[in-house]
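These protein sequence lines are chains A and B, in that order. Residues in the first sequence are numbered from 11 upward in steps of one, following the working numbering. Residues in the second sequence are numbered from -18 upward in steps of one, following the working numbering.
Treat the hints as calculated values from the structure; they're not laboratory data. Remember, predicted model here, so these are calculated numbers, not experimental data. Glycine included, C-beta positions come from ideal geometry on N, C-alpha and C. One thing to keep in mind: the hints can contain errors.
To be verified - Computed cross-link-like contacts, SDA-like style, restricted to lysine to any residue with a CA-CA straight-line distance of at most 25 Å: (1) B:Lys47 <-> A:Lys207; (2) A:Lys12 <-> A:Arg168; (3) B:Lys9 <-> B:Asn192; (4) B:Lys47 <-> A:Asp175; (5) B:Lys106 <-> B:Ser77; (6) B:Lys106 <-> A:Tyr16; (7) B:Lys106 <-> A:Glu22; (8) B:Lys47 <-> B:Asp146; (9) B:Lys9 <-> B:Gly160; (10) B:Lys47 <-> B:Gly(-14); (11) B:Lys9 <-> B:Lys47; (12) B:Lys9 <-> B:Pro222; (13) B:Lys106 <-> A:Ser288; (14) B:Lys47 <-> A:Ala19; (15) B:Lys47 <-> A:Lys12; (16) B:Lys106 <-> A:Arg157; (17) A:Lys207 <-> B:Phe159; (18) B:Lys47 <-> A:Arg203; (19) B:Lys(-4) <-> B:Leu61; (20) B:Lys9 <-> B:Gly22; (21) B:Lys106 <-> A:Arg203.
What the hints assert, rightly or not - Per the computed footprint, the stretches of chain A lying under chain B, defined by three or more beta-carbons under 8 Å from a beta-carbon of chain B, are: (22) 55 to 68; (23) 204 to 215.
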Amino acid sequence: MKNADYPRAHAEEEQLLRLDPRTGRYGTGTLADLPDQLRRFDLLVMNDAATLPASLPLRLEDDPRELELRLAGQGGDALTWWAVLFGPGNWHVPTERRPAPPRVMAGDTLWVGPVSASVLEVSPISPRLVRIRFHQDPEHLYRELYRLGRPVQYSYVRQELELWDVQTRYGARPWAVEMPSAGRPLTWDILARARAKGVGLASLTHAAGLSATGDPALDAALPLPERYELPQRTVDAINFTRDQGGRVIAVGTSVVRALEGNAIANEGHLRAGSGTVSLVLGPEHDLSIVDGLLTGIHEPGTSHFALMEAFVSRELLEPALHYADGQGFLQHEFGDSMLIIPERSTRSGASTACGTRFKASGFIEPSLVSKRVNRTLSPHRITSP
Amino acid sequence: MNVEGQGIVITGASKGLGKALAHALAGKGARLFLVARGEEGLNAVVRSIRATGGEAHGWPADVGDKNAVYPLAGAAQTALGRVDVVIHNASALGPSPLRPLMDTDCEDLERALAVNLIGPFRLSKAFAGAMAMRGQGVIVHVTSDASVSAYPTWGAYSASKAALDHLGRIWAAELDPFGVRVVSVDPGDMNTNMHREAAPADDPASLLDTNEVAERFVALLETVETFPNGARVSLSEWRAPRWKFGDALVTSNGRARS
Chain A
11 MKNADYPRAH AEEEQLLRLD PRTGRYGTGT LADLPDQLRR FDLLVMNDAA TLPASLPLRL
71 EDDPRELELR LAGQGGDALT WWAVLFGPGN WHVPTERRPA PPRVMAGDTL WVGPVSASVL
131 EVSPISPRLV RIRFHQDPEH LYRELYRLGR PVQYSYVRQE LELWDVQTRY GARPWAVEMP
191 SAGRPLTWDI LARARAKGVG LASLTHAAGL SATGDPALDA ALPLPERYEL PQRTVDAINF
251 TRDQGGRVIA VGTSVVRALE GNAIANEGHL RAGSGTVSLV LGPEHDLSIV DGLLTGIHEP
311 GTSHFALMEA FVSRELLEPA LHYADGQGFL QHEFGDSMLI IPERSTRSGA STACGTRFKA
371 SGFIEPSLVS KRVNRTLSPH RITSP
Chain B
-18 MNVEGQGIVI TGASKGLGKA LAHALAGKGA RLFLVARGEE GLNAVVRSIR ATGGEAHGWP
42 ADVGDKNAVY PLAGAAQTAL GRVDVVIHNA SALGPSPLRP LMDTDCEDLE RALAVNLIGP
102 FRLSKAFAGA MAMRGQGVIV HVTSDASVSA YPTWGAYSAS KAALDHLGRI WAAELDPFGV
162 RVVSVDPGDM NTNMHREAAP ADDPASLLDT NEVAERFVAL LETVETFPNG ARVSLSEWRA
222 PRWKFGDALV TSNGRARS
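Just chain A, same shape as in the assembly (with noise of 0.2 Å):
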């Protein structure tokens, strides 16, 4: 599939696959569309993490270089922070490719611009992988990651992003050192006409990890520990949906981490609060919390991928990706999104039956490919193959 280089201009053109996990069913039509796929009592579940702008300028004592360093998330208080080493060069070179970092141990002094940060642990998964204190207040440690910071961003995006790019449109605490990219195409407008149709919209908060370092042995351990927040009107706006039948979209694989992870660890039910999740989701997972996903497209391989086989198998969920490589779609962060979704709740008593075909609302199967005229303006009414 081809990446998406920049993020483009208007969100809502942008393109959605959806699949039903169950039946294997999908199709196609642009985000605007999204809101035509929910109900009423379904909710909306955001992660409303915004973005830092987590690399940073890095310089080693004794070292003339100037080398890279990459914020993974807080390890501790607000000075303490996990943090991944890259050797020289930048985001133009595919970070497989830069090359490694010199290997600090625990006592070794690092610099970011004008402040310094002490090393206090190097992680047993990897050596560029690396526990730091900053010695900083917050405030003028916050004021020099805003003014040096630039935001992650990898090879295949052709430009510089702004920290503009990298952030959703209900973001709060800056707790993402990458952007909870799901969320992105979400505009107002689609939320608003959400809303309007008895959707629910709640939030949490996941300080969402790096995706990749180029490091293989850090990359298959990858998501770290992330830590989230999980506020109690959430937990009744989930309550609530599940009483009324209706069904919980993770908005990202990192709520369907904090949600799922939150139920692990209090014997299937949420506890409002804040914890660290380092469950990994892949298809041997029954899901207890999240009916549904709104996630950008990714590669098999990738842990995002395995994530998505919690929800449905690789046999329906390869099909429906490989539909999409031919419509066009875009991967990656800015790229296009898919939306797997099951017709009714898995788990609630209360039925809103609709039988066995989608409803009519713009969205086509692909037997209706090649009569398909404006996948936007005109609905096509779905049939059976």
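Since the structure of chain A is already known, use the hints to place chain B on it.
Chain B alone, transformed into the frame defined by chain A:
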């Protein structure tokens, strides 16, 4: 709205009304994130609030600078945990001394619009999404009678404030379903640097004291629920209601109604 414990962002907080508002709100237990271009003045305000046991964080930034917005928003959310109220108080007068539109450079008008209109717009964009997601929040535009009356020579400032008033109404219309309230407040003519710059001949004794205005401003914020969303309020004409939102009302037959 009880301001105690609320996370409040104030722009233009190093002097004038912004500084007085910061002190008045800190005195009521609000938690403050203060923004101003002048770092020295800002630090002095932060220090004096902290010295009296209040919570204040300073962030030097120019609200007219596009690059300043997300750093400011991120730092405010980090310092306060959540932002409940944003008070857009920073203003640019435009060319000084004031002059007729025919003598106003396009760049002067652009600068007034950048600080008085586009800056608040960008900043609201960075904060209002999280407010809407939470279902509550208050955005305050500090406006001026110049946004309504056409005073000769006040063109750049007046036009930008008139646009700001209407921006507030549109925000209110769009965000009302999400529980976010917007109010534009005209504080009146105060004894400030900006007023001296605009009207050096005015007798300071005829001008309002910023601390007194700030007290009334806070009282208005405490009853923000009583205004229609998007209202423009002239502080000098406003009288505090004798009842608070949520109080039981007594009907004409003497029975309480809640």
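Each hint, compared with the structure:
Straight-line distance between C-alpha atoms of Lys47 (chain B) and Lys207 (chain A) comes to about 35 Å, which puts the hinted pair past the 25 Å bound. Distance check on the hinted pair: Lys12 (chain A) and Arg168 (chain A) sit about 13 Å apart at the alpha-carbon level, within 25 Å; holds. A threshold of 25 Å between alpha carbons decides the hint, and for Lys9 (chain B) with Asn192 (chain B) the separation of about 14 Å falls inside it, so the pair holds. For the given pair, Lys47 (chain B) sits about 13 Å from Asp175 (chain A) by alpha-carbon distance, which is consistent with the 25 Å threshold.
Between Lys106 (chain B) and Ser77 (chain B) the alpha-carbon distance is near 30 Å, which puts this suggested pair outside the 25 Å criterion. Among the hinted pairs, Lys106 (chain B) with Tyr16 (chain A) is consistent with the structure: their alpha-carbon atoms are about 22 Å apart, no more than 25 Å. Distance check on the hinted pair: Lys106 (chain B) and Glu22 (chain A) sit about 18 Å apart at the alpha-carbon level, within 25 Å; holds. The straight-line distance between the Cα atoms of Lys47 (chain B) and Asp146 (chain B) is roughly 21 Å, inside the 25 Å bound, and the hint therefore holds.
Note on Lys9 (chain B) and Gly160 (chain B): the hinted pairing holds, with a Cα-Cα distance of about 24 Å set against a maximum of 25 Å. A threshold of 25 Å between alpha carbons decides the hint, and for Lys47 (chain B) with Gly(-14) (chain B) the separation of about 29 Å lies outside it, so the pair is violated. Distance check on the hinted pair: Lys9 (chain B) and Lys47 (chain B) sit about 32 Å apart at the alpha-carbon level, beyond 25 Å; violated. Taken as a hint, the Lys9 (chain B) and Pro222 (chain B) pair is honoured in the structure, with Cα atoms around 19 Å apart against an allowance of 25 Å.
Between Lys106 (chain B) and Ser288 (chain A) the alpha-carbon distance is near 33 Å, which puts this suggested pair outside the 25 Å criterion. For the suggested pair Lys47 (chain B) and Ala19 (chain A), the alpha carbons sit about 18 Å apart, so the restraint of at most 25 Å is met. For the hint linking Lys47 (chain B) to Lys12 (chain A), the alpha-carbon distance of about 32 Å lies beyond 25 Å, and the restraint is violated. As the CA atoms of Lys106 (chain B) and Arg157 (chain A) are separated by approximately 21 Å, the hinted pair is consistent with the 25 Å bound.
For the suggested pair Lys207 (chain A) and Phe159 (chain B), the alpha carbons sit about 14 Å apart, so the restraint of at most 25 Å is met. Between Lys47 (chain B) and Arg203 (chain A), the direct Cα distance comes to roughly 29 Å. Violation of the 25 Å bound is thereby established for this hinted pair. Note on Lys(-4) (chain B) and Leu61 (chain B): the hinted pairing holds, with a Cα-Cα distance of about 22 Å set against a maximum of 25 Å. Proposed proximity of Lys9 (chain B) and Gly22 (chain B) is supported: the alpha carbons are some 22 Å apart, at most 25 Å.
Only pairs whose Cα atoms come within 25 Å are accepted, and Lys106 (chain B) paired with Arg203 (chain A) is accepted, the gap being roughly 19 Å. With 4 residues carrying a beta carbon less than 8 Å from a beta carbon of chain B, the region 55 to 68 of chain A meets the three-residue requirement, and the given coverage holds. Given as covered by chain B, the region 204 to 215 of chain A passes the check, having 5 residues with a CB less than 8 Å from a CB of that chain where 3 are the minimum.
Checked against the numbered hints above, the structure violates hints 1, 5, 10, 11, 13, 15, 18; every other hint is satisfied.
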